[in-house]
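Quick mapping for you: the protein sequence lines, in order, are chains A and B.
Letter by letter, the first sequence follows residues 1 to 115 in my numbering.
Letter by letter, the second sequence follows residues 116 to 231 in my numbering.
Worth flagging that the hints you see were computed from the coordinates, not collected in a lab.
Incorrect hints may have been included.
If you anchor each label on the Cβ, the simulated ranges turn out as follows [as the list claims (entries may be wrong)]:
1. A:62 to B:154: 28 to 36 angstroms
2. A:81 to B:130: 44 to 52 angstroms
3. A:15 to B:155: 21 to 29 angstroms
4. B:143 to A:114: 39 to 47 angstroms
5. B:137 to A:72: 36 to 44 angstroms
6. B:156 to A:72: 24 to 32 angstroms
Every residue gets a Cβ at the ideal spot worked out from N, C-alpha and C, and that includes glycine.
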Amino acid sequence: AQKVTQAQTEISVVEKEDVTLDCVYETRDTTYYLFWYKQPPSGELVFLIRRNSFDEQNEISGRYSWNFQKSTSSFNFTITASQVVDSAVYFCALSEGTNAGKSTFGDGTTLTVKP
Amino acid sequence: DGGITQSPKYLFRKEGQNVTLSCEQNLNHDAMYWYRQDPGQGLRLIYYSQIVNDFQKGDIAEGYSVSREKKESFPLTVTSAQKNPTAFYLCASSYLGTSGNYNEQFFGPGTRLTVL
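Could you build all of it, start to finish, from the sequences and the hints given here?
Pasting the structure below:
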């Protein structure tokens with residue numbers, strides 16, 4: 001069975017600090033997809049990134065970067081120079097190749113960025 | 116504008132009543148999903164549908180029912196059999212990629228259901 005663990009329930013940082021959100025996953029499939037979503041206070045989840053199991057290349061998008069390591073089954077998310085607008089709940093999710101229509105979500109990490 | 120709409124935003128229900136939550140998408144996505152979110156917890160899958168007139172149970176389907184008569188619509192009924200229906204309900208959709216796999220999900224704004 002697939003499982004996603006986000007061990008950090010809450011993180012609080014001061015603006016401009018860098019912060020890393022951890023995500024560890026479990027799956028028996030060799031083909032799978034990993035996602036990060038952001039849920040601001042309004043409640044609507046916003047897609048941030050997708051990574052498939054065959055592509056371990058790390059990605060950077062502005063202040064956001066993602067580190068995918070199959071050896072440790074981790075897909076961590078780093079925000080550089082955090083801003084107050086980054087305050088939200090962040091979810092990591094996993095879809096297996098055998099049933100890629102169905103995603104399993106972690107419990108989320110609540111990030112608070114203080115001015 | 117393309118997107119997913121959910122209505123109503125807030126819904127109050129008396130115990131013992133069935134209630135239907137609406138979800139519509141104009142993204143032409145094949146798959147649609149319903150999730151439940153409780154405070155401080157992640158999303159739990161209730162039902163999902165990958166094609167019209169077909170749907171599958173998720174992890175917590177008991178006390179819920181759905182229909183998929185049209186590609187763009189996937190209403191969720193919370194029945195009186197659902198013991199703890201007070202929660203935030205999110206609808207999502209995704210499209211089938213060229214490789215035959217589903218891609219990221221797009222979410223609606225959610226419906227907050229409160230049972231009085």
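Status of each hint after checking the structure:
no.	hint	in the structure
1	A:62 to B:154: 28 to 36 angstroms	31 angstroms, holds
2	A:81 to B:130: 44 to 52 angstroms	49 angstroms, holds
3	A:15 to B:155: 21 to 29 angstroms	25 angstroms, holds
4	B:143 to A:114: 39 to 47 angstroms	42 angstroms, holds
5	B:137 to A:72: 36 to 44 angstroms	42 angstroms, holds
6	B:156 to A:72: 24 to 32 angstroms	25 angstroms, holds
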